[in-house]
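Assemble chain V onto chain Y, guided by the hints.
Residue numbers (this note's numbering), protein chains in the order written: chain Y, 1051 to 1378; chain V, 1051 to 1378.
The reader is advised that the hints may include incorrect statements.
Repeated chains share a single entry, so a pair holds when one copy, or any two copies, can fit it.
[Claimed, not checked] Under the rule of at most 25 Å between Cα atoms (straight-line distance), these lysine to aspartate or glutamate pairs were calculated in the DMTMM-like manner:
hint	residue 1	residue 2
1	Lys1083	Glu1134
2	Lys1182	Asp1113
3	Lys1182	Asp1208
4	Lys1102	Asp1229
5	Lys1251	Glu1227
6	Lys1264	Glu1081
If you are wondering where the hints come from, they were derived from the structure by calculation, not from laboratory data.
Protein chains: 2
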Amino acid sequence: MSKKQVAVGIDIGGTNTAFGYVDRGGHILVEDKLKTSQYDEAEVYVAALYEKIMLAGQKIMDDVEILGFGIGAPMGNINKGTIEYPANLPWKGITPVADIFRKHTDLPVVVTNDANAAAVGEMVYGGARNMKDFVVITLGTGLGSGFVVNGNLMYGHDGFAGELGHTTIRSGPNARECDCGKKGCLETYVSATGLKRTLFKILADSVLPSELRKYSFEQLDAEMIHEAARRGDILAKRAFEHTGQMLGVKLADVVAHTSPEAIFLFGGLAQAKELIFEPARESMEENLLYIYRGKVKLLPSELSSQNAAILGASSLIWSLKESKSRKF
Amino acid sequence: MSKKQVAVGIDIGGTNTAFGYVDRGGHILVEDKLKTSQYDEAEVYVAALYEKIMLAGQKIMDDVEILGFGIGAPMGNINKGTIEYPANLPWKGITPVADIFRKHTDLPVVVTNDANAAAVGEMVYGGARNMKDFVVITLGTGLGSGFVVNGNLMYGHDGFAGELGHTTIRSGPNARECDCGKKGCLETYVSATGLKRTLFKILADSVLPSELRKYSFEQLDAEMIHEAARRGDILAKRAFEHTGQMLGVKLADVVAHTSPEAIFLFGGLAQAKELIFEPARESMEENLLYIYRGKVKLLPSELSSQNAAILGASSLIWSLKESKSRKF
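Bound conformation, chain Y alone (with noise of 0.2 Å):
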């Protein structure tokens, strides 16, 4: 009997790093993960990193075959192999990634970001399957963005296009402090963070009465506010539809840049659902330029969000695997 192709997805994240043995339906046949903060050297990480891959394979190993390791980072550049001065990994500056990670294997790897890998995912096992110009935008903590473009990501002459989280939706002097340094970022107004600061304005605001006058800026989180929102809360619900409302609008901007078949949302925020779908399609078809009108899909992402980023980090593989024209 032949061996079952599987694809390693590897999701690098501040506290863990979470992989998974990954089939071309998208279903992982074992998962595991690793603390990454204990380890302050990348070289003693990845070697741990392999090792534990390796075990939790064991029970498998005779029945498939690995065709490559998919890695998904924070500014993880998809050209060099590498991780640039991630704001929240162990390892300050440039980490070959890659290269480190071949000391172990002689199999493909590949890195790149989170959103890079999300979209890639989505064309793989997702809602994307037969689409060729789409983009995937994550809603975590911060909003990160991963352009595919005929059939390919983009990734840039440098590697690290796609960083929309960075866009400007807001100047002058009111405008919000991100923390990459600059103000008016969209991810201060779109994110799991931005929805909070958002709750923050509108309570100041507004003297309505709301459940989360109670919670200090640090007791609260987006999905308190999701909760109250569907309890009915309206202060909730104008966070969210203040926030859909500037997504929708950046959105627009998307589309005249790059005129893609649909746009995903993906991640925490997207499991709102209507309450930010709705605000994000009404503001986005009012900004759209008249021919982009009513052509543009806007869709929750089809990835199952528990293992989104393995799925996503093993996809790279894939389409490696499947795209002789891609370049990574």
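Positioned in the frame of chain Y, the structure of chain V alone reads:
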């Protein structure tokens, strides 16, 4: 002796249609033009145009081999070979200009908008000859843009990628009205018309003297503002600074989207050189996410401005010939 290969470049404008026979080096061997506005019927227009092209080519026809016809036109759609709902052409709705053209010839006919043609022209004849990821911004009456991603023109799902002129740069009640029906579009600030509007606002806001205070809105054009700025007129210079500054903000967004190696400025306003480049570069750098700073070149187009539109249109044919991976 073997015949010299040429591509015919056709630039369809509201008033005139200019065309030329162009060799691979970007030399125009013969050129002529036709009054677009005289033809209410697209069929009649194309027949007259084709006849005029053949007539103009008579004296070189024995020495050249025509490879195809490249057409640059407002709202030209590269996927479908159509011109769709142009604001300033005699034919309304959707005109299948490539199909009509093919009634006269079996050679390849490629249609796209002016800015995409300029981008391919820059890649074939100009400063982007060795680049795979770059952007061309055309600054004329409006603002157009063409994106090249991984060596290919990005045309998007429906052929209308690159409408950067209609991304939003200002919102709220004071945002400028755009011809497209929206408010706050980039081209209402950054274009020859945008420069004039900005100057008028500055004339209103400031009490400083200016030689331009004696002209009406209808009398004034970008060239006059340029000349006044060269002569040291403070308010004219300020209009360029504001225009460049706003352009720079949007260029930073463009970089975050596509991570290009270079951005080329093309067209009338780009002729103002450092008057526009300096504030644009400064404001772009200021607004760039740290990972891009100091990496992206902001350059003048290397296409001769006089024939740039014909060159751009003709380049579509060379690009078609030289890249089998290209769809158009």
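Evaluation of the provided hints:
no., hint, verdict
1, Lys1083 <-> Glu1134, "within (22 Å within a copy, 53 Å between copies)"
2, Lys1182 <-> Asp1113, "neither (33 Å within a copy, 42 Å between copies)"
3, Lys1182 <-> Asp1208, "both (22 Å within a copy, 11 Å between copies)"
4, Lys1102 <-> Asp1229, "neither (33 Å within a copy, 60 Å between copies)"
5, Lys1251 <-> Glu1227, "within (14 Å within a copy, 29 Å between copies)"
6, Lys1264 <-> Glu1081, "neither (39 Å within a copy, 75 Å between copies)"
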